[in-house]
Amino acid sequence: MKFAVLRFPGSNCDQDCLFALNALPKASAEAVWHKDAALPECDVVVVPGGFSYGDYLRCGAIARFSPIMQAVKEFATTGGTVIGICNGFQILCEAGLLPGALVRNRDLHFICEHRAVRVETPDSRFTRNAPAGTVLNLPIAHGEGCYFADDATMLALKKNRQILLRYCDSRGRTTDDANPNGSRSNIAGICNRERNVFGLMPHPERACDPLLGSTDGLAIFESLLA
Amino acid sequence: MKAVVHVMPKLSVLDPQGAAVAQAMTHHGLNGVGRVRVGKLIEIELSASADEAALHTLCRELLSNPVIEDYTLEITA
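Just so you know, the sequences run in chain order A and B.
For the record, in the first sequence the residue sitting at position 64 is 64 according to our numbering, with numbers rising by one throughout.
Positions in the second sequence are counted from 1; adding 1000 to them yields our numbering.
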């Protein structure tokens, strides 16, 4: 399976994604510069984390106008698989490929730590290897990860089972204490209605090697490869 | 010509920055501080031919995110 990892000025998780993906036996990943107007032949587009354009204006607000994003939009609307991680999630929301927005964490802190997240449904190409209720230990590293959407959007997300990951405690309970940033409904990751575009704040690519303290991120990438 | 764009978080969106500023103001001894909200002010220098409709599009698509923010646009001579 071929992955295209986008690279914007200020991306800083692109190498982590390339490293983690190229370590998987059935995957190959290459970087794509944001000024390219076309994607290489690929099965999955990865929008990596970082601080594209220095987070100026709003996180992801400027990156979404990069030339490559038009190609990503076309890829997504024809059913192509897109995963946005952290700043990538913010970019996908700004681009309108995912509903809602990510705003400042409720306590204003930049949070960099491992957190438990619960898989809400295996009914997606991103979670099909993880039964509902699976608790994953994944690192988060963000200052603007508080997921916000209006009530109507929240209802639609729930009704269409678009919420794929929610922050929880070690026993899988999605309490307010387990919510690191104030996200509505403890949301850590959602997909679009068509279920081919996924955005999440945690970093699965930083949890694919035992040296890094967790290999739970593999659940996401191995689902894609399954 | 100059355009001034004010971008403010919607009332329904949590504004922790505003809350922290309100708290700091109270700590500084200012009585009667209610809700504080922090937004952005963007000044744009324009040539006389600038198109107001195009500016509104820009405000909606780039300068603000309608999911979380409202904007006002003011054009002065």
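Keep in mind the hints are simulated off the structure, nothing from the lab.
Hints may be right or wrong, so weigh each one.
[Stated by the list, open to error] Derived DSS-like pairs: lysine-lysine, alpha-carbon spacing no greater than 30 angstroms straight-line:
1) Lys73/A x Lys1040/B
2) Lys73/A x Lys26/A
3) Lys159/A x Lys73/A
4) Lys2/A x Lys73/A
5) Lys35/A x Lys73/A
6) Lys158/A x Lys1010/B
7) Lys1010/B x Lys1040/B
8) Lys73/A x Lys1002/B
9) Lys2/A x Lys35/A
10) Lys1002/B x Lys159/A
11) Lys158/A x Lys73/A
12) Lys1040/B x Lys159/A
13) Lys1040/B x Lys1002/B
14) Lys26/A x Lys2/A
Which of the numbered hints above does this structure break? Going through the list in order, the structure violates hints 8, 10 and 12 and respects the others.
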